[in-house]
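Q: Sequence:
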Amino acid sequence: MFLPKCLKERNSKMKVSWFLHTPFPSSEIHRMLPSRLELLRSVLAADLVGFHTYDYARHFVSACTRILGLEGTPEGVEDQGKLTRIAAFPVGIDSERFIKALELPEVQDHMKVLKQRFAGRKVMLGVDRLDMIKGIPQKILAFEKFLEENPNWRNKVVLLQIAVPTRTDVPEYQKLTSQVHEIVGRINGRFGSLTAVPIHHLDRSLDFHELCALYAVTDVALVTSLRDGMNLVSYEYVACQESKKGVLILSEVLRLDLDYTYVRALPDVCNFLQNVPAYILVCWGCSVSWCRTILVNPWNVTEVASSIGYALNMPADEREKRHHHNFKHVISHTAQEWASTFVSELNVTIVEAQLRTRQIPPPLPIEVAVDRYSCSNNRLLILGFNATLTEPVDTLGRKESQINEWQPKLRPDLREPLRKLCDDPKTTVLVLSGSARNVLDDNFSDYNLWLAAENGMFLRVTTGDWMTTMPENLSMEWVDSVKNVFEYFTDRTPRSQFEVQETSLIWNYKYSDVEFGRLQARDLLQHLWTGPISNASLDVVQGRRSVEVRSVAVTKGAAIDRILGEIVHNKGMKEPIDYVLCIGHFLTKDEDIYTFFEPELPSEVPASVRPQVPTQVRTSIVGSRAALLMKQNSTSAVEQNKSYAIDGDTLHSMVTDRISLQEGSSVLDLQANDYFSCSVARKRSNSRYCNTPYPIPLPESSMRRYLT
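In numbering that gives the first Met the number 0, the protein residues as written are 0 to 707.
Keep in mind that the hints were calculated from the coordinates and are not lab data.
Computed from a predicted model, the values in this text were never measured in an experiment.
The beta carbon of each residue, even a glycine, is placed where N, CA and C say it ideally should be.
Straight-line alpha carbon distances no greater than 27 Å define the calculated DSS-like cross-link-like pairs of lysine-lysine that follow:
1) Lys81 - Lys4
2) Lys320 - Lys99
3) Lys114 - Lys155
4) Lys244 - Lys155
5) Lys144 - Lys244
6) Lys121 - Lys155
7) Lys99 - Lys114
8) Lys482 - Lys509
9) Lys588 - Lys482
10) Lys155 - Lys320
11) Lys570 - Lys419
12) Lys320 - Lys121
13) Lys99 - Lys327
14) Lys327 - Lys243
15) Lys81 - Lys7
16) Lys419 - Lys408
17) Lys121 - Lys244
18) Lys509 - Lys81
19) Lys121 - Lys327
20) Lys320 - Lys114
21) Lys509 - Lys408
22) Lys111 - Lys121
23) Lys573 - Lys419
24) Lys144 - Lys155
25) Lys243 - Lys320
26) Lys121 - Lys243
27) Lys320 - Lys244
28) Lys570 - Lys425
29) Lys155 - Lys243
Here are the in silico distance ranges between beta carbons for each label pair:
30) Asn10 - Asn534: 53 to 63 Å
31) Met0 - Lys320: 38 to 48 Å
32) Lys12 - Thr176: 49 to 59 Å
33) Asp108 - Glu27: 47 to 57 Å
34) Leu201 - Lys12: 43 to 53 Å
Could you put together the complete structure from these sequences and hints?
A: Okay, here's the thing in structure tokens:
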């Protein structure tokens, strides 16, 4: 399981697929492993992950969701923009080898001997490793139950059980061997005679020709695994039954309906192992896939005994129909077909990943950003808070994050670099967050910077008082009704919480069970849309594990011009801002902050860098932002706040000190190379660049080089 990650580290362009033939456990069992995180992360390094049943693929996706906190999609698991495709692939055998073997003289001789030996009796067959999961004791006990209930069959049927010894030095397997021998001896003593016994048990393997002959003379094959991965007995049995048309009784744990398999075969993809410079295929195992077998619960002895009777008494025409369907499946789903399909799917996955990668912004060029920073005279740094300046909050088992405090904290390694940036007289640092004011106060009171809380609706420099930037006509009459819904779902969802802010309400389930939280969030949205906000002018913003309700005018992009105006007014800026760095883990609704400065840039910005930006040539930008905000109906200016509180339905605020909207944007003098917008841990973004979590906005080493 560690191999895919090792291969990708060796060569990131290598095509890696991983196939598991054994059962993958549920997340409740996998989470008990000490190395549970490393194992899942290593497998997810592969481009394609295959399992032999849909259930095991579902278990793997569930483990990634519940343990790693990743998002499962119909196609696979997505992590930081990288999609690992998860699929189920049925695996078969080389059916031609078994079909042709029946014509060999040595096989015909073995068949003749077996027919003479068991003449006049129906033959039932079981071929298994002597293993606890194979259900051999359960199978024999079910056969005993059948003989008890059907005395007329006692001298007319025989069970041949081939138990291939394995792990003979392990005490548990030795105990299993003794148990099987004891049961077989008891049944043979009870129903056998001097000339015949109902069970023939062999503790050894058979050679290929003997096995083919045994398959060919068998009337009923019995596979009762309790939990299994690779099991080819059913395929081999059907391939050798063209003349006898025997019946297959199969444990339901091995069943895989073809309707539920996700296999996209591309027969036109050929010669897949040629012209590939770096190609690795990591795979183990096989699967069983049947629709015309008798399915049984191996733990239910009575059900298995009843199925044995049904199989032995099955009419010839029904046997014919069942065998025809199964035989067609065996010859079409061969091992070669599996290999071709699996590799074709890998190639398609790689192509889709390349197309997806082209839509992802490039990594932030840190050295270039630092160089432009050092060449500028009036800089503005806009930094997000959550997941940008804080530690990530993940789900169960992610290092120490399980015991993270409920309130986010500034990362310790960022404190000193941030302090140096704040102390630079040529640099203005703005922390723009959706968090409440008290959270920002607790983290940044000792720094010389600007704080914008609740998506920019409240603003203050750390040496001053809070003021509001809200539009004058902002209505909060909806708060109480939405609050009731949030309270209801908080009670229904363990470890969830909701937060009442001045301009929004947030329901957060990041500490709850991931899958249950998503179901509750879906239900919560239905309650909101059909109730409190059905006719209200509100936005419902879905985060990764949160639901936020806010007024339409409350976005970071809508507030940034008013914030800039207040900063310019407060600092008495005379020199235009010639460098802007905007970094954050913002919700999609708030990514208008990234494109806020884009229309102001000259047309020489490369189209590949910002494809969403219209080509406009603007050298004078005075007043342009005011016109844009007038179209958005955001006609208020920065307002000095004297009193703010949610009192019933209305947010009260006292207004003083109006300043012009044009004042914030009129001091911008940006060139294309002096603006850097970067999303953190969000690769599908409107930003110019993206970074994996969780980068320091300006690396301390680079900053130290600049300061030096």
